[in-house]
Amino acid sequence: MEIMERIDKAVKENPVIIFMKGSPQMPQCGYSSRTAQALMACGEEFAHVNVLADPEVFENLPRYANWPTFPQVYINGELIGGCDITLELYQKGELQKMVKDAVAKGAA
Amino acid sequence: MSEDRSAMIRTRLVEALNPEMLEIIDESAKHAGHAGAASGGGHFIVQIVSTAFEGKNLIQRHRMVYDAVDDIMHTEIHALSIQAKAPDEP
Numbered sequence: 001m002e003i004m005e006r007i008d009k010a011v012k013e014n015p016v017i018i019f020m021k022g023s024p025q026m027p028q029c030g031y032s033s034r035t036a037q038a039l040m041a042c043g044e045e046f047a048h049v050n051v052l053a054d055p056e057v058f059e060n061l062p063r064y065a066n067w068p069t070f071p072q073v074y075i076n077g078e079l080i081g082g083c084d085i086t087l088e089l090y091q092k093g094e095l096q097k098m099v100k101d102a103v104a105k106g107a108a
Numbered sequence: 001m002s003e004d005r006s007a008m009i010r011t012r013l014v015e016a017l018n019p020e021m022l023e024i025i026d027e028s029a030k031h032a033g034h035a036g037a038a039s040g041g042g043h044f045i046v047q048i049v050s051t052a053f054e055g056k057n058l059i060q061r062h063r064m065v066y067d068a069v070d071d072i073m074h075t076e077i078h079a080l081s082i083q084a085k086a087p088d089e090p
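Going down the list, the sequences are from chains A and G.
In this text, residue positions in the first sequence follow the numbering used here: the first is 1, and each later residue adds one.
In this text, residue positions in the second sequence follow the numbering used here: the first is 1, and each later residue adds one.
No lab work stands behind these hints, which were simulated from the structure alone.
Among the hints, erroneous ones may be present.
As the list claims (entries may be wrong) - Footprint (simulated), chain G over chain A, 3 or more residues, beta carbon under 8 angstroms: (1) 67 to 80; (2) 84 to 91.
As the list claims (entries may be wrong) - In silico SDA-like links for lysine to any residue, alpha-carbon gap of 20 angstroms or less: (3) A:K92 with G:K85; (4) G:K30 with A:Q28; (5) A:K100 with G:S81; (6) G:K56 with A:Y90; (7) G:K30 with A:R34; (8) G:K85 with A:Q91; (9) G:K56 with A:E88; (10) G:K85 with A:L87; (11) A:K105 with G:Q60; (12) G:K85 with A:E88; (13) A:K92 with G:Q60; (14) A:K92 with G:K30; (15) A:K92 with A:L79; (16) A:K92 with G:D88; (17) G:K56 with A:N66; (18) G:K56 with A:I85; (19) A:K92 with G:N57; (20) A:K92 with G:A86; (21) G:K56 with A:A65; (22) A:K92 with G:I82.
What the hints assert, rightly or not - Residues of chain A clear of chain G, computed beta-carbon distances all greater than 10 angstroms: (23) R6; (24) D8; (25) A10; (26) K12; (27) S23; (28) G43; (29) E45; (30) A47; (31) V57; (32) D101; (33) V103; (34) A108.
In this text, a Cβ means the ideal position worked out from N, Cα and C, and glycines have one as well.
When you get a sec, could you build the whole thing from the sequences and use the hints?
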């Protein structure tokens with residue numbers, strides 16, 4: 001499958017997905033670590049892609065949504081942002097609602 | 001070296017967004033040695049207040065900042081932490 005199709009499929013098929021360096025259990029970057037922790041704190045399951053283990057994704061994800069850095073969080077197929085925005089939404093209590101709504105919608 | 005980089009970021013943001021307040025903090029030293037720092041790009045915190053952000057959501061604001069420094073992203077910059085506000089916001 002072509003790489004952009006592969007990224008698009010992962011984004012569309014998962015209500016909540018994070019592209020990060022490492023995994024939520026073994027993050028390999030402070031920004032990825034904090035972002036994954038905020039998602040985990042929302043109490044729902046989410047998908048993750050370790051961009052360090054997938055060089056094609058690492059190279060091409062930045063132009064998929066025109067966002068130059070990692071991590072990237074997508075909810076309901078839409079880019080939410082990176083570390084700063086995800087944490088800001090979490091602190092405002094908005095992330096929890098977005099994640100719960102997306103997971104509920106994905107299960108329906 | 002790091003002052004030069006902060007200046008490069010400053011020049012671009014001033015030109016693109018005409019900020020009322022702009023702080024650029026170089027955090028590269030904190031990240032020296034980790035995998036991402038190996039590429040040589042720096043870590044910076046950008047605190048910026050501009051009327052250009054009025055009516056824009058978070059993702060649009062971050063994109064505006066990234067767009068302004070696009071030519072040095074990934075070479076001089078490895079990571080940016082961005083706090084972008086309009087003048088009337090706390």
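Hints, verified against the model:
1. 67 to 80: Held - the segment 67 to 80 of chain A has 5 residues with a Cβ nearer than 8 angstroms to chain G, which meets the minimum of three.
2. 84 to 91: holds (count 4)
3. A:K92 with G:K85: holds, 16 angstroms
4. G:K30 with A:Q28: holds, 15 angstroms
5. A:K100 with G:S81: violated, 26 angstroms
6. G:K56 with A:Y90: holds, 19 angstroms
7. G:K30 with A:R34: holds, 16 angstroms
8. G:K85 with A:Q91: holds, 16 angstroms
9. G:K56 with A:E88: holds, 15 angstroms
10. G:K85 with A:L87: Cα-Cα ~16 angstroms, so holds.
11. A:K105 with G:Q60: violated, 26 angstroms
12. G:K85 with A:E88: This hinted pair holds, its Cα atoms lying about 13 angstroms apart.
13. A:K92 with G:Q60: holds, 18 angstroms
14. A:K92 with G:K30: violated, 27 angstroms
15. A:K92 with A:L79: holds, 18 angstroms
16. A:K92 with G:D88: Distance ~19 angstroms between K92 of chain A and D88 of chain G Cα, so the pair holds.
17. G:K56 with A:N66: holds, 17 angstroms
18. G:K56 with A:I85: holds, 13 angstroms
19. A:K92 with G:N57: With Cα atoms ~14 angstroms apart, K92 of chain A and N57 of chain G stay inside 20 angstroms; holds.
20. A:K92 with G:A86: This hinted pair holds, its Cα atoms lying about 18 angstroms apart.
21. G:K56 with A:A65: Holds: K56 of chain G and A65 of chain A sit about 18 angstroms apart, inside 20 angstroms.
22. A:K92 with G:I82: Given that 20 angstroms is the threshold and the Cα spacing comes to 17 angstroms, the pair holds.
23. R6: The assertion about R6 of chain A holds, with a minimum of 22 angstroms to chain G.
24. D8: About 18 angstroms separates D8 of chain A from the closest Cβ of chain G, which puts it past 10 angstroms; holds.
25. A10: Answer for A10 of chain A: holds, closest chain G Cβ roughly 19 angstroms.
26. K12: Answer for K12 of chain A: holds, closest chain G Cβ roughly 18 angstroms.
27. S23: holds, 14 angstroms
28. G43: At about 23 angstroms from chain G, G43 of chain A clears the 10 angstroms cut-off, so the statement holds.
29. E45: At about 24 angstroms from chain G, E45 of chain A clears the 10 angstroms cut-off, so the statement holds.
30. A47: holds, 20 angstroms
31. V57: Per Cβ check, V57 of chain A is outside 10 angstroms of chain G; nearest 16 angstroms; holds.
32. D101: The claim stands: D101 of chain A keeps its Cβ more than 10 angstroms from every Cβ of chain G (closest is about 18 angstroms).
33. V103: holds, 21 angstroms
34. A108: holds, 26 angstroms
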